[in-house]
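As they're listed, the protein sequences go chains A and B. For the first sequence, position 188 matches number 187 in numbering that gives the first Met the number 0, and the numbering has no gaps at all. For the second sequence, position 235 matches number 234 in numbering that gives the first Met the number 0, and the numbering has no gaps at all.
No wet-lab data here; the hints were simulated from the structure. Hints should not be assumed to be uniformly reliable.
[Stated by the list, open to error] With a cut-off of at most 20 Å between alpha-carbon atoms, the simulated SDA-like pairs for lysine to any residue come out as follows:
1) A:K121 with B:S279
2) A:K161 with B:K137
3) A:K211 with A:I229
4) A:K161 with B:S279
5) A:K161 with A:I140
6) A:K161 with A:H222
7) A:K200 with A:H222
8) B:K137 with A:Q10
9) A:K58 with B:K137
10) A:K121 with A:A208
These are the residues of each chain, in order.
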Amino acid sequence: MGRYVIRRLLQMIPVFFGATLLIFLMVNVMGDPIAGLCGDRQCDPATAAQLEKEFGLDKPVWQQYLTYMGNVFTGDFGTAFNGQEVTELMASAFPVTIRLTIVAIFFEIVIGISLGVLTGLKRGHPVDTSVLLLTLVVISIPTFVTGLILQLLLGVEWGWIKPAVSSDAPFNELIVPGLVLASVSLAYVTRLTRTSIAENKRADYVRTAVAKGLPRHRVITRHLLRNSLIPVVTFIGTDIGALMGGAIVTERIFNIHGVGYQLYQGILRQNTQTVVGFVTVLVIVFLVANLLVDLLYAVLDPRIRYA
Amino acid sequence: MSNTTKSPEEAFAEGMAGTVVPDVSSKQDKTRSLAQDALRDLIRRPMFIVSGILIVAILIIASFPTLFTSVDPLACDLKHSMEGPSGSAWFGYNFQGCDVYSQTIYGTRNSIIVGVLTTIFSLIIGGLVGVLGGFFGKWTDALLSFVTNVFFGLPLLLAAIVILNNFRDEKGMRNAGVMAVVLTLSVVGWMSMARVMRGAVMQVKQADYVAAARSLGASTSRMMFRHVLPNSITPLIVVATISLGAVIGAEATLSFLGIGIRPPAISWGVMISEAQGRISQGLHPLLFPSGMLTITVLAFIMLGDAVRDAFDPKLR
Numbered sequence: 000m001g002r003y004v005i006r007r008l009l010q011m012i013p014v015f016f017g018a019t020l021l022i023f024l025m026v027n028v029m030g031d032p033i034a035g036l037c038g039d040r041q042c043d044p045a046t047a048a049q050l051e052k053e054f055g056l057d058k059p060v061w062q063q064y065l066t067y068m069g070n071v072f073t074g075d076f077g078t079a080f081n082g083q084e085v086t087e088l089m090a091s092a093f094p095v096t097i098r099l100t101i102v103a104i105f106f107e108i109v110i111g112i113s114l115g116v117l118t119g120l121k122r123g124h125p126v127d128t129s130v131l132l133l134t135l136v137v138i139s140i141p142t143f144v145t146g147l148i149l150q151l152l153l154g155v156e157w158g159w160i161k162p163a164v165s166s167d168a169p170f171n172e173l174i175v176p177g178l179v180l181a182s183v184s185l186a187y188v189t190r191l192t193r194t195s196i197a198e199n200k201r202a203d204y205v206r207t208a209v210a211k212g213l214p215r216h217r218v219i220t221r222h223l224l225r226n227s228l229i230p231v232v233t234f235i236g237t238d239i240g241a242l243m244g245g246a247i248v249t250e251r252i253f254n255i256h257g258v259g260y261q262l263y264q265g266i267l268r269q270n271t272q273t274v275v276g277f278v279t280v281l282v283i284v285f286l287v288a289n290l291l292v293d294l295l296y297a298v299l300d301p302r303i304r305y306a
Numbered sequence: 000m001s002n003t004t005k006s007p008e009e010a011f012a013e014g015m016a017g018t019v020v021p022d023v024s025s026k027q028d029k030t031r032s033l034a035q036d037a038l039r040d041l042i043r044r045p046m047f048i049v050s051g052i053l054i055v056a057i058l059i060i061a062s063f064p065t066l067f068t069s070v071d072p073l074a075c076d077l078k079h080s081m082e083g084p085s086g087s088a089w090f091g092y093n094f095q096g097c098d099v100y101s102q103t104i105y106g107t108r109n110s111i112i113v114g115v116l117t118t119i120f121s122l123i124i125g126g127l128v129g130v131l132g133g134f135f136g137k138w139t140d141a142l143l144s145f146v147t148n149v150f151f152g153l154p155l156l157l158a159a160i161v162i163l164n165n166f167r168d169e170k171g172m173r174n175a176g177v178m179a180v181v182l183t184l185s186v187v188g189w190m191s192m193a194r195v196m197r198g199a200v201m202q203v204k205q206a207d208y209v210a211a212a213r214s215l216g217a218s219t220s221r222m223m224f225r226h227v228l229p230n231s232i233t234p235l236i237v238v239a240t241i242s243l244g245a246v247i248g249a250e251a252t253l254s255f256l257g258i259g260i261r262p263p264a265i266s267w268g269v270m271i272s273e274a275q276g277r278i279s280q281g282l283h284p285l286l287f288p289s290g291m292l293t294i295t296v297l298a299f300i301m302l303g304d305a306v307r308d309a310f311d312p313k314l315r
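For reference, chain A alone in the conformation it holds in the complex (with noise of 0.2 Å):
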């Protein structure tokens, strides 16, 4: 098992700096880093070249890399357009999003994995042909649609919400976002469950598990389900990274001052420190929810060993 993680985690070093270099490139290559220093007008000349010596942007693309991450690794990820720090705006945001990620994978578990179960063992009936297009209907419902329209019911109509998350962003604000959030994996999940359950269903352990009389609510959840969670749980691994990635469009709806919210201002603002920090905590955040995907599989199926 050690061994094992410790392997992993080397294998992870490779695509962590891959990943980072990437944006890296795209944010400094591709864009101009100090588009975004001067206020909405060109920087003259003589202030741009100022500029670039002062950041060390006239030093060749990977020797920059190289510096950035040498100070990230001292804990410096530079600073933001107003002269905040970003580790700042990291510590501002993270939390946010973190409680609004937390909501979101609540929402897969509890309701996906319900609804996965509840139409996989009844499978072909009425309900689960309902659940399926319905789920059907929410993967085609593009999110930011539905944030829209729920903000615009629940929050301005009939104001069972606050249409706004006020910036400390506690759970109970979030209910409502994290719910939109949810909405595309959560259909994803109670497919996944589903076709799981039912593949599952007819397996011999279930049949003998019944045969030696276990009571119904234990047979399902001791036996059908712990066999059936293991793709489930990979999908909800990998939505880890995904959800806090993708939260831009639910933060931006909610008005949420989280990840989203201050990369997409980054990117606006062309603001190279900003995106490039908060992108390379993402990319360790989804490699350490990888990580602990695989590890889970061991708990869920002591058949699976790592040496």
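Dock chain B against the given chain A, drawing on the hints supplied.
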């Protein structure tokens, strides 16, 4: 990186490799290939028929918008601003006083172009990466898998925004145009296809007919394109159909965020983006393009679903 992580599309297409037996049956021969079987099966599925009719209708709208409306989508009259649906304007007017029905019809083309072209491009990139990695294995595979994993590590939407933010029009405003959106979405969206293709090729490569071709002295390219590729392409086609819907949604998301296709160009995303600020004054400028978008995405997902079920031998 883990090769156990799969996107829903990959999970969808899993286990479908090598299901299409090469079409060797002649006319006299009564045995049907799996492809023919699947086709027969497909035309009897209500899901396939419904989605097929929808897609044909959408393609006709995209190709010949003038058949459906004679109103110029850009001829707007402020005196109609935010008027609701009526006999003369079925979907009402937006804040600028433009005919929402006419805009929805004309917006179809850009959304479909982005969807189809992006899917074709990412099919080519992903298919090529997958075939080469799966077929040659060893360091080729290691290298290509590494590249795939690196792209997978980046959040897709973010990468697209970062790239598209660099495109400006003459006035220095953010405006990417259709082709820039197509290329960007292709560059950030080919990875699932590469993984599906790689898996399928690795499975097919082991088949006896490939070994037979090799022992008969077939060249590498002949084995790859005549034997391996035709037998491993089905899962890729399924993923492509499903992702076509997703791409159309992604284009709309980008326009919604104010990046990518921008006015005066019309797309459903642009219309929704313009409608969102006035949502409390009237829902119709938002609902109609959203409805069309949803129906289109739904049609492609249903088509992909039906094709997958028809080709999956496990369900027979």
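For each hint, the structure was consulted:
no. : hint               : result
1   : A:K121 with B:S279 : 42 Å, violated
2   : A:K161 with B:K137 : 56 Å, violated
3   : A:K211 with A:I229 : 25 Å, violated
4   : A:K161 with B:S279 : 15 Å, holds
5   : A:K161 with A:I140 : 23 Å, violated
6   : A:K161 with A:H222 : 43 Å, violated
7   : A:K200 with A:H222 : 10 Å, holds
8   : B:K137 with A:Q10  : 16 Å, holds
9   : A:K58 with B:K137  : 37 Å, violated
10  : A:K121 with A:A208 : 19 Å, holds
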